[in-house]
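Asks: Letter by letter, the chains look like this.
There are 2 protein chains.
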Amino acid sequence: MTKQNRRAFIGTSLLALGGASSFAATPSNAPLIHHVFFWLKNPSSNADLEKLLEGIRSLKKIETVQEFRIGKPAKTPKRPVIDDSYAVSLYTTFNDVAGHDVYQEHAIHKKFIETYGSLWSKVQVYDSVDI
Amino acid sequence: MTKQNRRAFIGTSLLALGGASSFAATPSNAPLIHHVFFWLKNPSSNADLEKLLEGIRSLKKIETVQEFRIGKPAKTPKRPVIDDSYAVSLYTTFNDVAGHDVYQEHAIHKKFIETYGSLWSKVQVYDSVDI
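Top to bottom, those sequences are chains A and B. Residue numbering for the first sequence follows numbering that gives the first Met the number 0, beginning at 0 and increasing consecutively. Residue numbering for the second sequence follows numbering that gives the first Met the number 0, beginning at 0 and increasing consecutively.
Just chain A, same shape as in the assembly:
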């Protein structure tokens, strides 16, 4: 295979991969899930909820964040094992622990805690990595 042919082959292969990825059901290249649940001090205050959401949205700008999804409890049937008492959840993924650490130490994250930290009564975090 000549150098030029090899280059063309690699190009075609990448193209094929790109095409395949658009059909993949579960693209998952960020193996570290950082899932955070927030409980509000005033769970009935819509203003506090909106303020917290505003703060959470600011975190999306941090460069190492991959996926970024803000959630609220889903209306799945109640079961004793389900905790649906939180107000807001934040699901983010990172490529690795280093990426997560950049996020934790980032000025935007520190400002988020400083500005909005008085709104929540409890935060629960689960960090997991794909196995």
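Please keep in mind that the hints were generated in silico from the structure rather than gathered at the bench. Among these hints, one or two may not hold up.
A pair holds if it fits inside one copy or across any two, identical chains being indistinguishable in the list.
[As the list claims (entries may be wrong)] Listed below are the simulated EDC-like cross-link pairs for lysine to aspartate or glutamate, each with C-alpha atoms no more than 20 Å apart in a straight line:
1. 121 with 82
2. 74 with 53
3. 74 with 113
4. 40 with 83
5. 121 with 83
6. 60 with 100
7. 40 with 62
8. 71 with 129
9. 71 with 100
10. 109 with 83
11. 74 with 104
12. 110 with 129
13. 74 with 129
14. 60 with 113
15. 109 with 53
16. 121 with 47
17. 60 with 129
18. 77 with 47
19. 71 with 53
20. 40 with 113
21. 60 with 104
22. 71 with 95
Knowing the structure of chain A, use the given hints to seat chain B on it.
Replies: Frame of chain A; chain B shown alone:
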């Protein structure tokens, strides 16, 4: 617009959508996150862990499951808000509550609980929907 033109237009639009999705950073068409954390009765037993993993893997076959990721606690720096005491986590997404309910009531899921339920001491579930 003639019928034929309309068909051609729809075809092109679908093509455009397909193309766009392959470039999307965070394709997210399954808004319901079902995140489950398992604690083992015998946390030090690798055999029990492997057995539980075998059981969890069987759940992937349920048709309404979209994303499916099995995790273990990540080695992020310890903080009081982090719970890293679980053995295994299962992150799945569904298109809607109906899809989640099909999963819960599915024979494969019932068999999973029946066969592997004796392995865990606690299960904690968080269901959230994108906002």
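Asks: It remains to establish, for every hint, whether it holds in the given structure.
Replies: Tested hints:
When the C-alpha separation of residue 121 and residue 82 is checked against a cutoff of 20 Å, the pair qualifies both within a copy, at 13 Å, and between copies, at 13 Å. Taking CA atoms no more than 20 Å apart as the test, residue 74 paired with residue 53 passes in neither setting, with 23 Å inside one copy and 29 Å between copies. With identical chains, the CA atoms of residue 74 and residue 113 are never at most 20 Å apart, being 32 Å at best within one copy and 25 Å at best between copies. For the identical chains of this complex, residue 40 and residue 83 are intra-copy neighbours only, at 16 Å inside a copy versus 25 Å across copies, given an alpha-carbon limit of 20 Å.
Taking the shortest Cα distances, residue 121 and residue 83 sit within 20 Å of each other both inside one copy (14 Å) and across copies (17 Å). In the homo-oligomer, the alpha carbons of residue 60 and residue 100 lie at most 20 Å apart inside one protomer (15 Å), although the nearest pairing across protomers, at 35 Å, exceeds that limit. Neither within a single protomer nor between protomers do residue 40 and residue 62 lie at most 20 Å apart by alpha-carbon distance, with minima of 30 Å and 39 Å respectively. With identical chains, the CA atoms of residue 71 and residue 129 are at most 20 Å apart between copies only, with a shortest distance of 7 Å across copies and 24 Å within one.
Taking the closest pair of Cα atoms, residue 71 and residue 100 come within 20 Å of each other only across two copies (18 Å); inside a single copy the shortest separation is 25 Å, beyond that limit. Taking the shortest alpha-carbon separations for residue 109 and residue 83, neither the intra-copy value of 27 Å nor the inter-copy value of 22 Å comes in at or below 20 Å. In this assembly of identical chains, residue 74 and residue 104 lie within 20 Å of each other by CA distance solely across copies; the values are 16 Å between and 34 Å within a copy. Taking the shortest alpha-carbon separations for residue 110 and residue 129, neither the intra-copy value of 30 Å nor the inter-copy value of 24 Å comes in at or below 20 Å.
Taking identical chains as interchangeable, the C-alpha atoms of residue 74 and residue 129 lie at most 20 Å apart only when they sit on different chains, with a minimum of 12 Å there against 27 Å within one chain. For the identical chains of this complex, residue 60 and residue 113 are intra-copy neighbours only, at 17 Å inside a copy versus 44 Å across copies, given an alpha-carbon limit of 20 Å. In this assembly of identical chains, the alpha carbons of residue 109 and residue 53 lie at most 20 Å apart only when taken from the same copy (15 Å versus 40 Å across copies). Proximity of residue 121 to residue 47 under the C-alpha cut-off of 20 Å is restricted to the intra-copy arrangement: shortest distance 14 Å within a copy versus 33 Å between copies.
Proximity of residue 60 and residue 129 under a CA criterion of 20 Å is satisfied inter-copy only: 18 Å between copies versus 24 Å inside one chain copy. In this assembly of identical chains, the alpha carbons of residue 77 and residue 47 never lie at most 20 Å apart, being 26 Å within a copy and 29 Å across copies at closest. For the identical chains of this complex, residue 71 and residue 53 are intra-copy neighbours only, at 14 Å inside a copy versus 31 Å across copies, given an alpha-carbon limit of 20 Å. Proximity of residue 40 and residue 113 under a CA criterion of 20 Å is satisfied intra-copy only: 16 Å inside one chain copy versus 39 Å between copies.
Taking identical chains as interchangeable, the C-alpha atoms of residue 60 and residue 104 lie at most 20 Å apart only when both belong to the same chain, with a minimum of 14 Å there against 39 Å between chains. Within a single copy, residue 71 and residue 95 get their C-alpha atoms only as close as 26 Å, which misses the 20 Å cut-off; across copies the closest is 14 Å, which meets it.
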